[in-house]
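Engineer: Turn these sequences into a full structure, and let the hints guide you.
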Amino acid sequence: MELEDLLFEKDGDVGVITLNRPDRMNAMSGAMTSGMLNLVRELREDDDVKVIVLTGTGRAFCTGADVGGLARTTGANSDAPAPPPSVRLPHPEDGAQVVFAKCDKPIIGAINGFAVGAGFGLALAPDIRIASSAAQFGVVQTKRGRRPDGGLNFQLPRIVGVQKALELMWTGEMIDAQEALRLGLVLRVVEHDDLMKETLALAHRIAKGPSVAQALAKRMVYKTMFPEDALIAAAEMEYYTGLVINATEDAKEGVRAFMEKREPVFKGR
82 MELEDLLFEK
92 DGDVGVITLN
102 RPDRMNAMSG
112 AMTSGMLNLV
122 RELREDDDVK
132 VIVLTGTGRA
142 FCTGADVGGL
152 ARTTGANSDA
162 PAPPPSVRLP
172 HPEDGAQVVF
182 AKCDKPIIGA
192 INGFAVGAGF
202 GLALAPDIRI
212 ASSAAQFGVV
222 QTKRGRRPDG
232 GLNFQLPRIV
242 GVQKALELMW
252 TGEMIDAQEA
262 LRLGLVLRVV
272 EHDDLMKETL
282 ALAHRIAKGP
292 SVAQALAKRM
302 VYKTMFPEDA
312 LIAAAEMEYY
322 TGLVINATED
332 AKEGVRAFME
342 KREPVFKGR
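Sequence positions in the sequence shown follow my numbering and run 82 to 350.
Note that these hints are calculated values from the structure, not bench results. You may find that some hints are simply not true.
[What the hints assert, rightly or not] The calculated lysine to any residue pairs, modelled on SDA-like cross-linking and capped at a C-alpha distance of 25 Å, are: (1) 224 to 208; (2) 299 to 250; (3) 278 to 148.
[What the hints assert, rightly or not] Distance ranges between label pairs, derived from CB positions: (4) 307 to 286: 42 to 50 Å; (5) 318 to 290: 29 to 37 Å; (6) 342 to 285: 37 to 45 Å; (7) 289 to 344: 47 to 55 Å; (8) 254 to 296: 31 to 39 Å; (9) 317 to 286: 21 to 29 Å; (10) 247 to 306: 31 to 39 Å; (11) 286 to 330: 48 to 56 Å; (12) 93 to 342: 38 to 46 Å.
For glycine and all other residues, C-beta sits at the position ideal for the given N, C-alpha and C.
Structural biologist: Below you can see the structure in the form of structure tokens.
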């Protein structure tokens, strides 16, 4: 399949997906997102791939949605009201959290740099995560007048607890790799230049194991800790709250201020 702003290679029985839009800090376009998810779906059925690794090129793992797309969604480039919301019903299974959870194969995130906004949510979608010492994480959406997305509403409180999750969501505070390790957001932190070597070493170690037992272990954990109906309910809530926030003046102001490199002035409406 043709991949837009993505790279894919096989390292033996490990499939490596790389977000490849370094000039935009790996901000995700619609085509890039759908391409990544379709690739994971294909690899789920590929018997030659035992483990999947997800990483990024450049200084960022992923910085979330492309700001240009947000500007169009909120109408931030004009004084006109935000575009009317789409009337299509949400498709929760389009999200990385659900697609990754439904893939029985182990998925490892190699977090090479900034993982912010929905990119932070994407970083939490793999089963386990290894972070570069240069990695940083942040729920920056609220700083732009938006609500957390990318599956953060589901994953973050389950990992760090409700209080810490809300603090990160409300303040937009950035945390470094060592703090992410302390909070349990990543499995380990390695030197930046060793990230892929260490990640692939773990991936190949896992790939040598009994794949059926591994798949069942993942399925049991996810059925218990991350039941599908809860994942889908969270995705639906994210979709509908997005319709609400996109219609606010604060969302428009937040995106506009970001594009103009200034502090936003929020009005609470």
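Engineer: Taking the Cβ atom of residue 307 and the Cβ atom of residue 286, is their distance within the range 42 to 50 Å?
Structural biologist: About 24 Å separates the Cβ atoms of residue 307 and residue 286, which means 42 to 50 Å is violated.
Engineer: Quick check on a hinted range of 47 to 55 Å for residue 289 and residue 344, using CB atoms only.
Structural biologist: holds (52 Å)
Engineer: Regarding the pair residue 278 and residue 148, is the alpha-carbon distance no greater than 25 Å?
Structural biologist: Not OK: residue 278 and residue 148 at ~32 Å, beyond 25 Å, violated.
Engineer: Evaluate the given range 29 to 37 Å for the C-beta pair formed by residue 318 and residue 290.
Structural biologist: holds (36 Å)
Engineer: Does 38 to 46 Å hold as the CB distance between residue 93 and residue 342, or does it fail?
Structural biologist: holds (45 Å)
Engineer: Taking the Cβ atom of residue 317 and the Cβ atom of residue 286, is their distance within the range 21 to 29 Å?
Structural biologist: violated (37 Å)
Engineer: Between residue 247 and residue 306, is the Cβ distance one that fits in 31 to 39 Å?
Structural biologist: Hint violated: Cβ distance 20 Å, outside 31 to 39 Å.
Engineer: Note whether the CB distance of residue 254 and residue 296 lies within 31 to 39 Å or breaks it.
Structural biologist: With Cβ atoms ~37 Å apart, the hint holds.
Engineer: The hint says 37 to 45 Å between residue 342 and residue 285; measuring C-beta to C-beta, is that right?
Structural biologist: Given a distance of about 43 Å, which is inside 37 to 45 Å, the answer is holds.
Engineer: Are the Cα positions of residue 224 and residue 208 separated by 25 Å at most?
Structural biologist: violated (28 Å)
Engineer: Determine whether the Cβ-Cβ distance between residue 286 and residue 330 falls within the hinted range of 48 to 56 Å.
Structural biologist: holds (52 Å)
Engineer: Verify the proposed pairing of residue 299 with residue 250, using a straight-line Cα cut of 25 Å.
Structural biologist: Status violated; Cα separation ~28 Å.
Comparing the model with each earlier hint shows violations of hints 1, 2, 3, 4, 9 and 10; every other hint is respected.
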